[in-house]
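Since the structure of chain A is provided, determine the placement of chain B on it from the hints.
There are 2 protein chains.
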Amino acid sequence: LNEDDRRLLEMKNTSELMLDLAYSSLIYQNKVIAKEVIELEDRVDRLHEAIIRSALGKSKEPKNFDRSLIMIKISDSIERIADAALDIADVVLRDIELHPVVKKSLEDSDVVIQKHVVENGSLLHGKTLGEIKLATETGVWVIAIRRGYDWIYGPDEGTTISGGDILYARGPADSEKIIAPWIKGK
Amino acid sequence: LNEDDRRLLEMKNTSELMLDLAYSSLIYQNKVIAKEVIELEDRVDRLHEAIIRSALGKSKEPKNFDRSLIMIKISDSIERIADAALDIADVVLRDIELHPVVKKSLEDSDVVIQKHVVENGSLLHGKTLGEIKLATETGVWVIAIRRGYDWIYGPDEGTTISGGDILYARGPADSEKIIAPWIKGK
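Residue numbers (the numbering used here), protein chains in the order written: chain A, 838 to 1023; chain B, 838 to 1023.
For reference, chain A alone in the conformation it holds in the complex:
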């Protein structure tokens, strides 16, 4: 993958995470999660601008024109998805009290996003996702890992988990209890 393709893929992954987090912030009335959506939107904006700059630069050569057009179109669409996620999170940040029924309607959705902090000395610390078979054992799929200022999107079997990592995971509503013994330090 070249630099532009890496940017587009990161935009796609980030916008998907933003949507998941935005809906979760609504359901749990959680301002901390809503603020992460804002932070991620900034990242999407910068990637979007970088893609446009690069596309404009390359479009001077006729053979690159169509590709530049498509890159801008797709990047623009993803940027608008990110903006929509931001507006959803904004409802939470603006302190409008969410009618419980609106929450309920979104909660009934099949996707529940959870945030788990991995403690030092826990079962997960120093292990790869493949070794611990978290998804198979608990039904919880890690969709992103926040490590300090970095994000790992779509971690795979080879991704090593460390104490301090924040896992964003998709799973059944009752899996909070199931995953607890894996992430708590001893």
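Derived from the structure by calculation, the hints contain no laboratory data.
Incorrect hints may appear among the rest.
Any copy, or any two copies together, can satisfy a pair, since identical chains are not distinguished.
Said to hold, decoys possible - Mimicking EDC-like on lysine to aspartate or glutamate, the simulated pairs with C-alpha atoms at most 16 Å apart in a straight line are:
no., residue 1, residue 2
1, 964, 993
2, 910, 924
3, 910, 927
4, 970, 993
5, 910, 886
Leaving out everything else, chain B in the frame of chain A:
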């Protein structure tokens, strides 16, 4: 759930499916999938209008004002996500040949959406998703089922599969082969 909440939930589920399908149509250059995105957008538009009409009607009572405001904000955000999905699918429908590298960049994403037609007499026919443990056995998660003109979003363990059903599923790239014996008729 009341009528409005059901609409909002259906909008959310539909917009998520539209995004999955739109990216898949890009990756596989598949116009049939791209056209389904258009059809679904029409459904989202109608739900969006119904939510606005209902919110306006209810906002006359002061106690409903904030709720109406939030319903319109969220519904509007979801409608814009659906529009963005439509624009992504539009790239495929407008016959702009996709540069292979753009495809590759999206393919590298962790999510691969597959479409499977269940044949009559197959192992899946007449079974619930819980009975066959499809996700556990194959790693393939059914996210939506198209049955004639109806859609079932987020099917659960109790959902019965029938011959003729079209399954939209999320799974690893190599799972097409793994799922084949489950959906082929004998």
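Can you list which hints this structure breaks, lowest number first? Result: no hint breaks.
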